[in-house]
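Visitor: Residue numbers (the numbering used here), protein chains in the order written: chain A, 1 to 288; chain B, 289 to 581.
Take these hints with a grain of salt, some might be off.
Stretch-level coverage of chain A by chain B, calculated; a stretch enters the list once three of its residues show a Cβ under 8 Å from a Cβ in chain B [as the list claims (entries may be wrong)]:
(1) 39-52
(2) 72-78
(3) 199-208
(4) 277-287
None of these hints come from the bench; they were simulated from the model.
Quick caveat: nothing in here was measured; it's all calculated off a predicted structure.
Cβ atoms here follow ideal geometry from the backbone N, Cα and C, with glycine treated the same way.
So you can see what is in the structure, the chains are spelled out below.
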Amino acid sequence: MVRKRPARRPAPRTRRRPRAARVVSALLGIVWALAAGFPVYYMIITSLKTQAGFFNAPLGLPPRRPTLANYHRVIFSEGITHDFLNSVVVTLVSVAVALALSMLAAYVIVRVDRRWVRWTLNLFLLGLAVPIQAVIIPVFALVNSLHIYDTLWALILPSAGFAMPITVLILANFFRDIPRSLFEAMGLEGASHLTILRRLVLPLALPAMASIGIYDAVNVWNNFLFPLVLTQSQGVQVLPTALYQFQGQFGIEVPPLMAAVVLSAAPLLVLYAIARRSFLRALAGGFV
Amino acid sequence: MVKRVDTQTAVMAALPLAFYALFVIVPLGVAVALSFQTWNGLAPPTWAGLRQWRHLLSDTVVWGALGTTLRLMVYSWLLQTPISLALGVYLAGRERYRDLLAIVFFLPLMFSAVAIGLTWIYILDPSFGVATALARDLHLQPQSWLGQRWVLVTLSAVIAWEFIPFHTLLYQAAAQQIPTELYEAAEIDGAGLAGRFWRITLPQLRYTFVTSTLLILVGSLTYFDLILVMTQGGPGYRSTVLSIYMYNEAFPKLHMGYGSAIAVLLAVLGVVLSLVLLRVSGFTRMRSELEAG
């Protein structure tokens, strides 16, 4: 055995790392890759199997003759496209509302020096600490009294509200890094806050807004509690509740269920495939 | 910073605040108010005084659910923290093959809790799941993974599968920021791999450690979707955490008043936990920085 390979320009972090440590860490990496990858592999190959093929190969071997029949069924007979579109609408509108309102709040928090503004910040921090489940009963009551129960608005408005705390905090942190002299220069020219926001802050903050917007979008897309409690009819069903319903409806017909699971994650998988690094940075939600 | 507040600024501040208050802050207050009422979700609520709270104190299920919540919290932390830390540090290394593995590492982030729960149910299914087939092939006793004995461990493991990639991202980003000179200096001092990990990597990652811990502990109060999909809180009340119990009381049974009392308990737990953790950590720096401006 060669004790010390003539390493071709070793990375600084791993220089002279003992062989045993390298083996252990590579092993860890491979074990987690298997653990993380297997369920995803399972979803995909199962979605391509027939029911009989599924029962014949429980160990998760790939089907000999893959079939798209499960996708065909879920899309054309079970109407998942409708749920998919509902999810798209709810996600896009919620995030647009959350971003617009959070931008205003973050601007005021950064630019206005008043005691009540500091209190505002505390309110947003409180929103980070409160579990969404803790307020679902009053949100249900509120949605009822606004007469929007069982509509897409019942999902959009609370989703936007609950996306605000993190969005405001991230944007406020970002706005604070904009040099003060830029604000002052525009202020001297007599620009109003709204003009400064539109002409100075917004162009600079676009990447940050896109990033936190994607983070919020994924949260809204995957949210299950709001549609579970605030809607009931098929017409306004979104993907997470559709999956939940399929679970009961399909029973042991696992292949079509897995096709629905794959479709429910398709937009995220596509985003991951085309822009992995920036997507992951966005998913870290400003904690990185 | 400006002190002057004109009409336009006032509107800019009022619009988001009013919206946020209506959908987040006011409901928090209403939850407290509803916990002193009896309400079935349809007829107007009626005053119940302390009845819900007296019921809560004497309800063994709620205390069991609190215990289950705390156990799940501890299991989650114990599983997620070391693995995420190790994977994050591992990925911060620069060999090419790690980049390839990283593509697989973060796949769980692409799926909703409902999708994850559904998939794992079938992987773990006692009659046709992969886990059972594998156990048979290895001549091991197949286990009922969602039964009385294993359910909390299994749920913690699936939850860990869901969240480890996120925490790995945090540790990876932080580990990449550690200046290599620190390692070079330690190497000159003769520190081995373990020494370098304990003396440099870990101290350098302490803020990430605190953030990640805070998110795991407070986040564990919100584990709901996955448990509802996988076990509905069962068998019996075995995996009934507070959020599941609150939901089961409030929505299927329409005990909205009692559900609100449990919800208040949940909210208090979340806020107290956050405050305690913020106090003992350096996380408050973020807030004071924001306030100082």
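Visitor: Could you check the structure against the hints above and give me the numbers of any it violates, in ascending order?
Guide: 2, 3
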